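Residue numbers (my numbering), protein chains in the order written: chain P, 1 to 940; chain V, 1001 to 1252; chain R, 2001 to 2290.
It is worth saying that the hints were derived from the structure and are not from the lab. You may find that some hints are simply not true.
[Stated by the list, open to error] Mimicking DSS-like on lysine-lysine, the simulated pairs with C-alpha atoms at most 25 Å apart in a straight line are:
no., chain 1, residue 1, chain 2, residue 2
1, V, 1251, P, 7
2, R, 2218, V, 1137
3, P, 929, P, 79
4, V, 1011, R, 2130
5, P, 7, V, 1011
6, R, 2289, R, 2130
7, V, 1137, P, 937
8, P, 299, V, 1247
9, V, 1251, P, 302
10, V, 1186, P, 379
11, P, 292, V, 1251
12, V, 1186, P, 292
13, P, 7, R, 2231
14, P, 198, V, 1186
[Claimed, not checked] What follows is a set of in silico ranges between Cβ atoms, one per label pair, in the way DEER data are often shown:
no., chain 1, residue 1, chain 2, residue 2, range
15, V, 1233, P, 886, 25 to 35 Å
16, V, 1052, R, 2266, 29 to 39 Å
17, P, 815, R, 2084, 28 to 38 Å
18, R, 2225, P, 499, 53 to 63 Å
Keep in mind the model is a prediction, meaning the values are calculated, not measured. Built from N, CA and C at the ideal position, the CB exists for glycine as well.
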Amino acid sequence: MTFQQPKINTSPHVSDEVRKTTCYMCACRCGINVHMKDGKVAYIEGNRDHPVNQGVLCAKGSAGIMQVNAPSRLRKPLKRVGERGSGEFQEIEWDEALQIATDWLAPIRKDDPSKLAFFTGRDQSQSFTSFFAQNFGTPNYAAHGGFCSVNMAAAGIYTMGGAFWEFGQPDWDHTKLFMLFGVAEDHDSNPIKMGIGKIKARGARVIGVNPIRTGYNAVADDWVGITPGTDGLFILSLVHCLMKAGKIDVNYLAQFTNAPCLINGDEKSPEFGLLLRDDNGKELVIDRATGKLTPFDQKGVKPDLTATHRHAGISHRTVMQHMAERYLSDEYAPEAVADRVGISAKRIRTLAAEIARVAFDGAFELQQEWTDFRGETHKTMQGRPVSFHSMRGISAHANGFQTCRALHVLQILLGTVEVPGGFRFKPPYPKPATAHPKPHCGTTPDKPLDGPHLGFVHGPDDLALKEDGTPARIDKAFSWENPMSAHGLMHMVISNAYAGDPYKIDTLFMYMANMSWNSSMNTRGVIDMLTDKDDNGDYVIPRIIYSDAYSSEMVAYADLILPDTTYLERHDCISLLDRPICEADAAADAIRWPVIEPDRDVRGFQSVLCELGAKLGLPGFTNDDGSQKYADYGDYIVNHERKPGIGPLAGWRMGEDGLVNGRGGINESQLDNYIENGGFWVGHIPDEALYYKPWNSAYQDWAVGMGLFDSPQPYLFTLYVEPMRRFQLAAEGHGDRQPPDHLRERIKATMDPLPIWYDPSPDNHCDDYPITALTQRPMAMYHSWGSQNAWLRQLHGHNPLYLPTKLMRENSLSDGDWAKVTSPHGEITVPVLEMAALNENTVWTWNAIGKRKGAWALDENAPEATKGFLLNHLIHELLPPKGDGLRWANSDPITGQAAWFDLKVRIEKADAPSESQPAMGPIKSPVGKGPMQLAWKVGK
Amino acid sequence: MTTLPQSTERKLGLVIDLDTCVGCHACVISCKGWNTENYGAPLADTDAYGSDPSGTFLNRVHSYEVQPSQGEAQLIHFPKSCLHCEDAPCVTVCPTGASYKRTEDGIVLVNESDCIGCGLCAWACPYGAREMDAVEKVMKKCTLCVDRIYNENLPEEDREPACVRTCPAGARHFGDFADPESNVSKLTAERGGMDLMPEQGTKPVNKYLPPRPKDTLSEGAGDIDILAPYLEPVAQEATGFLGWLDKTLEKL
Amino acid sequence: MHPAPSVIFFTVFSGIGFGLLTFLGLGYPAVTGWSAFAFFVIGYLCAVGGLISSTFHLGHPERAFKAFTQWQSSWLSREGICAVVALILMALYGAGLVFFGQRWGLLGVIGSFFSLMTVFTTSMIYAQLKTIPRWNSPLTPAMFLSFSLAGGALLAGQVTWAMALIAISGVIQVVLWMQGDGALKGSGTTLATATGLGTNGSVRAFEPPHTGTNYLLKEFAYVVGRKHSMKLRTISFVLMVVLPVLLLALPFSHWIALVAVVSYVAGTLASRWLFFAEAEHVVGLYYGKR
Ligand SMILES: Nc1nc2c(c(=O)[nH]1)N[C@H]1C(S)=C(S)[C@@H](COP(=O)(O)OP(=O)(O)OC[C@H]3O[C@@H](n4cnc5c(=O)[nH]c(N)nc54)[C@H](O)[C@@H]3O)O[C@H]1N2
Ligand SMILES: Nc1nc2c(c(=O)[nH]1)N[C@H]1C(S)=C(S)[C@@H](COP(=O)(O)OP(=O)(O)OC[C@H]3O[C@@H](n4cnc5c(=O)[nH]c(N)nc54)[C@H](O)[C@@H]3O)O[C@H]1N2
Ligand code: SF4
Ligand code: SF4
Ligand code: SF4
Ligand code: SF4
Ligand code: SF4
Ligand SMILES: [Mo]
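If we strip away everything but chain P, and leave its shape as in the complex, we get (with noise of 0.2 Å):
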């Protein structure tokens, strides 16, 4: 019989529809194409035309289709009706919820604001939250960032005016060396593959600093498996070696930085350690050509980066002259720094010389004219084509608001912050920490916020702080424990509602933050105060308002469930106001929309807020009349101005003549106008501002256009950051605003306006528990909702912790045993796997794959509940008593951020058990169970 080939139909229907929206599997917020086949989602994919993505998109991006039917998705809204934490509800009608929470929150709007604490986790809507928390009149308002890297924000802002995270990327196209620090993931994941990919196809060079060898760090050329928590001693010594052999960018260093700005040298004077300014404010700098003190940004001005400035008997020197001195002593040379760093002398001098080769002899120029600050045209735009980029790996550490400080010094002493091959910013930054607002936390009874919530401080006068001196909101940020904490603290919120310090609240309201479970340190605690009560028999936090889309642990824990939609079904706005998707080349902002419509009585979280807000009577919400100003999310994001022209949306303004970008009235078709275009906007910078855009005029003057500034806002890199010296000045003694004095040494040693390395290993009993452990974010999940994904849930089911063969050896261990592991705070016990590409200290596992029985829909059997765990167990949100009396927080004396990577532990073998130790019980789930099979396809 002879074998006739199949004719196949090679070309068959591949959808009735496109729509292209933006993805939220993640916060990268690529841009996707969603197939659709009989009114139903068949198939997501990649936008080509979007600026993050460009076509590609990652495993949770494309399982987006099994997040929108997933069986956990909530149904209604519910109102508690067990114990808190048994998960018994009874679902009610919106009018009821909305009643309820109205009911709640009006008479503490009346009495006292602040008595709301309302806090959202990683969400994308920020500025508009924040607006409802300002209209509100409570202080107690943050997102995430507390918890999560503001570290890495802070040091980025307070140093050069951006920060990596996803607020700027090296070139791409012209880097040659690429330099990675403690990165696994990070929000920009599908970019920085990208990126990653074209440089390798390049034959360019990656070097990945990480203890970890897994993803990146995988493909990277060259693997540095550093210990821990020592980066900033490893990156100054990189500094020294490089200072040493004069491998610096001298021209950058003196036309755009704070290195030539001269520091008072009067040690009796309240200003000493303060820069030398003239009566506007100006630094002063001596002119190498004329010799004499001047404001830092005269025209021809050179500024002498080695001047001293004697003057009644008294030297003033550089801030470079004061690098010099640190930075060049034996205390940072490789040799009496390889110990700690676990990187021999040898190979740290190695590294530092491959950098100071690509820096300076792969140096090239395009072929560029612009103009800078000074009114000096230059003919061309100089590269260095050396690039850093770094996440939590340093900023999750005690110790990492100067690590990543000092990684900064380290690229502006190279001169390779936005310069070509360098590391660039993404609109709206460039920005300097003096030109964004200060924190605000003046309340009224019955009357907004005197302004917005979060910002920088610039010293002891702008912290949040009541009339006694005690903190003014609920998570102490802005205070003298952590002055710099940019993005407040929620990690500290539910702790100090609970030990009602600095007071007790009567609602916490939260948002899409999973506070019982991965998200909080102390998992175990935090749900013991959230269900703890009185000796009246109230619960301790009186009241718990919370939205969640999906049937996550925090759900059994709240008194009021706001049940919001997907992200196919809702209006959203990814908003240059807050945290866009630009790209160094371009400002852009997206959207998305409702592609389709939910199957379950459930409500956008932002469109339950305009509706909340009115019937509140928030000014910023109602018109009037008293009626309701925006009919819902989608109506804010076209209606809403910041200031006049400036709306949440920069695309398709309405301009004087038809439609404008940035700048410009409202336009009632404006989100139509974003779904023709693909669900975004993209601003291009025109060439001559694509680089040196703190210093470029033409730069600023299309940021001005673009209503990201009012007026060109150039200013100097700060090496040495004045604000921090301010803070020291008040530890010693200077100025009516005093720490409390068990603060004044810690505040007089970390807050060094030159970056310092210190060890934060003592504090967590290093001694005793002399293994670091770690959690990485595994590329295929997000979090916790990751579980829910029929899909992902098959790639990441459990999740072994990993130990270096060392580890393994001395503990007997061999694959598939169980350990206990121990930290000063508790202990786990949990299956183990072997590594070999793993610095020989440290234990890893991946991030949230352990879930709470009952929880997401799953069986409650499911392996994420059984061998899946959470190291959160181990960690505390207070450091191990020192013996002071004192209880410590476990963050960043800074910023307070939380530092989740200096956990130590001891590991030992442990026999089997039956499921992973600490085992809780099992939650009722609000939704039942998934079904047992799926073979999902719409078009039959």
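Given the structure of chain P, go ahead and fit chains V and R with the ligands onto it with the hints provided.
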């Protein structure tokens, strides 16, 4: 004929770059998504939300540790789907003719309506590239997105496999190996593209680009001594350094 | 390999059944009428029962007829054809014996040939698989054929033949075991060749591609412990070789013969279980399971 074609007009396949793959699983899931909705039966999952979830995937990403004789261990992410072998044993064992290799482009396919689900082709494949669907009970395998690469309902630029289109790192390349000028042929030639299990005699079409040499900036490796001159000190201590700075500024 | 009961059952019983038919086709024992009927019923029960059981592991048994089409390339297809031809020829031949008291000798010989070919083609399904080095050997068909013939002889009451064939199959089995234990190694396929990473250093499987299970793991990742396997080999060898030979050496009795058959079948089932369970598919290398 489930005997193999003597030769095929084109040899379509993938090049997978082991030097670049970051192990993100994007290709795994986009493949699952496309092939659930398209060619043949959906790729099913059983016990999807339960204690023992299991599902059909046509592409999986392994990871391996390699310990060189000198230096640090390395980790390699390793995506694997059907290699569309020239001497595909999965085809010749098939009793029904359901498995076949297309004469025009060499794609190895399963005609699901002929498949009796005997599993023999999966036994014959050394690479684990075939999975029996637990619900539909037919053999599933990578189709090289035969319903995309020629699909006139897709824009020209999208006529490539879903996994290639989605790979964020650009570690997957699609093309015709019969054409020496194609991107895949060139990459294979330049980077020493290799066969998996050559001793099995399957003559895979898909090629793997080996990882480039690693850790050359460490002891015992090449670059370390050449670089020393770049750190020639200009000064040992602060005063000398300032002198050097002064001179340098003078020259600017 | 996952030792699927249906496949074990199929190969053992169809082997014995076709073995018996082979002997019957050659005229051993030279029976006619009702006693021929009895022998043929046993032969067909084993052969057809085995074949039917083999369809249990098919995803779509209703399409099984399609399996006859690819005889040019597929041993499985050839097996199907041989089986059908053998069964038809032997049915005709049997009808002659039972109903007409006639022995159509040529037909019987051809039927026997196809019966043996069925067993051979079955064995080639396994022996052809390079992916399973333990099977990929001429000893695999030798083993299948000797088992089949020994079983056939036993059922056909050919005591001398049975003793000789059982002994031969015992030897083949032991050699196959010994050779099989080194087969994966000898095949040259390793994790290093599987990944192509061998030139860079020693390769170790790190994270599997999925924490959940899948078809491949269920089908190919089965591993039998060394101790367990030694025990089973001994038991199987005693049951299928030692015991039957000893029993057959005793003065003939139907009861003893029945015990010998039962023992032989049990031993063969155990051996066949091991045949599958011990077989290492190279795909296990990718999962670090070898
Ligand atoms: N051990 C350890 N713990 C950590 C970290 C670590 O590295 N190690 N990292 C920390 C960091 S950086 C972070 S950011 C946190 C993250 O922690 P979380 O911000 O708590 O992250 P998720 O677990 O994703 O929880 C977010 C919640 O949002 C819900 N959600 C998802 N989509 C929607 C939606 O569309 N609408 C609404 N209303 N809700 C939705 C989810 O169901 C989930 O309950 O974890 C922290 N915890
Ligand atoms: N797929 C996916 N993407 C995500 C998320 C997710 O859950 N899943 N979460 C998002 C969120 S909220 C955040 S905050 C970002 C975080 O993104 P990342 O910053 O990449 O965060 P982690 O995964 O916690 O990885 C921290 C890395 O730092 C390393 N590390 C730990 N300590 C040290 C150290 O002392 N020195 C050095 N050099 N390295 C160290 C760890 O080994 C790990 O590789 O990811 C975002 N993107
Ligand atoms: S990185 Fe992935 S999950 Fe995140 S937005 Fe992009 S596609 Fe979606
Ligand atoms: S990889 Fe396996 S399934 Fe694909 S053609 Fe080769 S043998 Fe067949
Ligand atoms: S499972 Fe299907 S495709 Fe595979 S050999 Fe059997 S019939 Fe052919
Ligand atoms: S080519 Fe298509 S079917 Fe094959 S692995 Fe890629 S996406 Fe899957
Ligand atoms: S998508 Fe690309 S980088 Fe990611 S696992 Fe697949 S091949 Fe590797
Ligand atoms: Mo985060």
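Practice item. List, from low to high, the hint numbers that the structure doesn't satisfy. Key: Checked against the structure, the hints that fail are numbers 1, 10, 12, 13, 15, 17, while the rest are satisfied.
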